[in-house]
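Given chain A's structure and the hints, the job is docking chain B with the ligands onto it.
Respectively, the protein sequence lines represent chains A and B.
Residue 81 in my numbering sits at position 81 of the first sequence, and the numbers go up by one each step.
Residue 1313 in my numbering sits at position 313 of the second sequence, and the numbers go up by one each step.
Everything labelled a hint here was simulated from the structure, so no lab data went into it.
One or more of the hints may lead you astray.
[Claimed, not checked] Derived Cβ-Cβ restraints for the label pairs, each shown as a range:
1. Y1125(B) x M104(A): 51 to 61 Å
2. D87(A) x V1224(B): 27 to 37 Å
3. P148(A) x A1193(B): 31 to 41 Å
4. E40(A) x A1193(B): 27 to 37 Å
5. P148(A) x I1337(B): 27 to 37 Å
6. Q133(A) x T1339(B): 47 to 57 Å
7. K184(A) x R1188(B): 53 to 63 Å
8. A158(A) x R1229(B): 27 to 37 Å
9. K143(A) x F1215(B): 31 to 41 Å
[As the list claims (entries may be wrong)] Derived DSSO-like pairs: lysine-lysine, alpha-carbon spacing no greater than 30 Å straight-line:
10. K143(A) x K88(A)
11. K88(A) x K45(A)
12. K1301(B) x K88(A)
13. K45(A) x K191(A)
14. K45(A) x K1048(B)
15. K1276(B) x K1301(B)
16. K220(A) x K88(A)
17. K1269(B) x K1010(B)
18. K1179(B) x K1269(B)
19. K220(A) x K184(A)
20. K143(A) x K220(A)
21. K45(A) x K244(A)
22. K1204(B) x K45(A)
23. K1204(B) x K88(A)
24. K1301(B) x K191(A)
From the three backbone atoms N, C-alpha and C, an ideal C-beta is built for every residue, glycine too.
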Amino acid sequence: MSETLAFTRTPSVAETPTHYCPGCQHGVAHRMVAEYLDAENLAEKTIMVTSIGCSVFLYNYLRFDSVEAPHGRAPATATGVKRVSPDKVVFTYQGDGDLASIGMAEIMHAANRGERITVVFVNNTVYGMTGGQMAPTTLVGQKTTTSPAGRCASTEGAPFRMAEIVAGLGGVAFSARVALNNVKHLAQARKAIRRAFEVQLAGQGMGFVELLATCPTNWKMTPVQANEHIEAAIIPTFPLGVFKDIAKNAGAC
Amino acid sequence: MSADGRIFVKGNEAVSMGAIDAGLKGYFGYPITPQNEIPEYMSLHLPKAGGAFVQAESEMAAINMVLGAAATGARAMTSSSSPGVSLMQESFSYMATSETPCVVVNMMRGGPGLGDINTSQGDYYQATRGGGHGDYRTPVLAPSTCQEAYDLTREAFDIAFRFRTPVMILGDAILGQMKEPITRGVPRPADPAESADWGLSGAKGREQRIFRSLFLAEGVLTAVNQRLRAKFEAMASLARCETFMTEDAELVVVSFGSIARIVKSSIRKLRARGLKVGLLRPITLFPFPAEAVAAVARQGKRLLTIEHNMGQMVDDVRLAVCGIADSAFHGTLSGTIPTPDEYEAAIEAALTGGSK
Ligand SMILES: Cc1ncc(C[n+]2csc(CCOP(=O)(O)OP(=O)(O)O)c2C)c(N)n1
Ligand code: SF4
Ligand SMILES: [Mg+2]
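The shape of chain A in the complex, shown without the other chains (with noise of 0.2 Å):
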């Protein structure tokens, strides 16, 4: 019997077994982000900002130049990169943990500031890598480690919208909110990815996209249970859909 390989490795996407569980969706976030600077022949002036969270190791798996950021804080170094480099491509790829809790001001600031970056923003509602502990995206009810009962919305609070937070900032040129968890979805975060790089190629201010991401090891699921999950009650509390995406030909200071 002969294989047919469904899709072929874009050249950005190291040639090497990651490190994530099985179900895990961080590479397919990794290679949609890849296979968008592949194909526009960008690989070559990226330089990509890592962040603390599962996908620390990310500069093993894409072939960029690559800054590790303290937890949180990637939006503010990729603001230092991008200001003496403003030529570059520059991105951010950040866990729910490191940008809605530890980095908040961070990224409220530099969207704010309207800096011409791209931020790739996955949220598995958990903090993945130290365990499944609660996060800022956890779901009211939502069983974590730190909240055995499941969250409670009066005491924990509810979960952060980022997507909605964000595109309400003023200089966020686009903003959205898409998932990994089907074939129309992928095609639809494909595009959400193509934009949110678009608009700073432009210079019109921060792209931000929000991917709705599995973590099957820590939700406690198959991962077909976990794509099922987003759907079913994921999306609910976070729904799908383009927050802000000014003309493409709108101007900037």
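Relative to chain A, chain B with the ligands alone:
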């Protein structure tokens, strides 16, 4: 500007000019007294000199903007004062490990806690012991005049790039706020070659470059630490100090920064009264000029360390002369501004009464 080309500036302005003349490409900072003249000066002058100025949302953001800019090979810096520098420590540790060169200015203020906005030397330990988590050191330069603030800031960038390390300028409220004439040198743009083989520019025609500080594979972190240790040891060549009237002195005071200037005044007064006292002023605090201090002790001169804290540098003085001699200590505390009279009395007491 005076006829001889000198300009009359505050220490904070001198630092800013030194940085711009050294080819600064990015300044990122958050307001805190007594260093606000630095971001103010930078916001006006750095863009004109072709660099980027960003007022950051916090000191944590500021130092991580420095990390990003510096990783591209650009000359980048931040400045702050004690509480703000505490907030930056995690990133100093990352940058020391990922070997990212930058300059950080700490114009120390009174502490601990929110303290006050007057002068202090309370951050000596923090500055010279790395400050953040883990096993690392960074060079620390301690100017005592506005001219030296200008010169050492310029030089700090060269050291940062030579060793690929964060470098700290450790000043204080007195240095930052006092005005003195300085001679400004000729601006020199940074040499692009200094970062050509490690700066991030996009992986074009070469392998990707990575600034990282996480090493989980067996043995790798040990190897990184061995390389870092060798570098910290090589920094010993930077050790430098000024000596003043030590030749025939019976007692030598060890003191740094602006406090050493007050001590100098006291020494002049004591000399005028015929007392044989001198000053050894460390200019580098890390590496500490231990050899120079030990040499003084070997000549049989007594030592007195004077600091504007409860006794921090005195540890380094005692380590330098361990087995040869000891050092007496006189400390004034944050919250007061020390006077030449007080130090004069302390030096005289140490000279006539021996160690106290
Ligand atoms: C200053 C600091 N605090 C805490 C940690 C521990 N830590 C590492 S990853 C992480 C959470 C990551 O969660 P998230 O950003 O959601 O990424 P995921 O692993 O889920 O992809 C934490 C708290 C750290 N490395 N640094
Ligand atoms: S713990 Fe979760 S986020 Fe981390 S690799 Fe496993 S599945 Fe992915
Ligand atoms: Mg997460």
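Now the hints, each set against the structure:
1. Between Y1125(B) and M104(A), the C-beta spacing of about 32 Å breaks the proposed range 51 to 61 Å.
2. Range check, D87(A) to V1224(B): about 32 Å between beta-carbon atoms, so the 27 to 37 Å window is met.
3. Take P148(A) and A1193(B): their Cβ atoms lie about 57 Å apart, and the range 31 to 41 Å is violated.
4. Checked against the given bound of 27 to 37 Å, the beta carbons of E40(A) and A1193(B), roughly 31 Å apart, stay inside it.
5. The hinted range of 27 to 37 Å is not satisfied by P148(A) and I1337(B), whose Cβ atoms lie roughly 55 Å apart.
6. Q133(A) and T1339(B) have their C-beta atoms about 55 Å apart, which keeps the hinted 47 to 57 Å range intact.
7. Against the hinted window of 53 to 63 Å, the Cβ-Cβ separation of K184(A) and R1188(B) comes to about 58 Å, which satisfies the hint.
8. In this structure, A158(A) and R1229(B) break the distance hint of 27 to 37 Å, their C-beta atoms being roughly 49 Å apart.
9. For K143(A) and F1215(B), the hinted distance range of 31 to 41 Å is satisfied, since their beta carbons lie about 34 Å from each other.
10. About 42 Å separates the Cα atoms of K143(A) and K88(A), which puts this hinted pair outside 30 Å; it is violated.
11. Of the pairs offered as hints, the one joining K88(A) and K45(A) holds, with about 5 Å between alpha carbons and a cut-off of 30 Å not exceeded.
12. For the proposed pair K1301(B) and K88(A), the alpha carbon gap of about 59 Å is over 30 Å, so the pair is violated.
13. Distance hint between K45(A) and K191(A) is fulfilled; the C-alpha atoms sit about 21 Å from each other, no more than 30 Å.
14. Distance check on the hinted pair: K45(A) and K1048(B) sit about 26 Å apart at the alpha-carbon level, within 30 Å; holds.
15. Distance check on the hinted pair: K1276(B) and K1301(B) sit about 10 Å apart at the alpha-carbon level, within 30 Å; holds.
16. The straight-line distance between the Cα atoms of K220(A) and K88(A) is roughly 40 Å, outside the 30 Å bound, and the hint therefore fails.
17. Annotation: proposed proximity of K1269(B) to K1010(B) holds, straight-line Cα distance about 26 Å (limit 30 Å).
18. For the hint pairing K1179(B) with K1269(B), the CA-to-CA distance comes to about 23 Å; that is within 30 Å, so the pair holds.
19. Taking the CA atoms of K220(A) and K184(A), the gap is about 25 Å. The hint holds against a cut of 30 Å.
20. Restraint check: the Cα-Cα separation between K143(A) and K220(A) comes to about 10 Å, which is no more than 30 Å; the hinted pair holds.
21. The straight-line distance between the Cα atoms of K45(A) and K244(A) is roughly 26 Å, inside the 30 Å bound, and the hint therefore holds.
22. Between K1204(B) and K45(A) the alpha-carbon distance is near 7 Å, which keeps this suggested pair within the 30 Å criterion.
23. For the hint pairing K1204(B) with K88(A), the CA-to-CA distance comes to about 12 Å; that is within 30 Å, so the pair holds.
24. Between K1301(B) and K191(A) the alpha-carbon distance is near 76 Å, which puts this suggested pair outside the 30 Å criterion.
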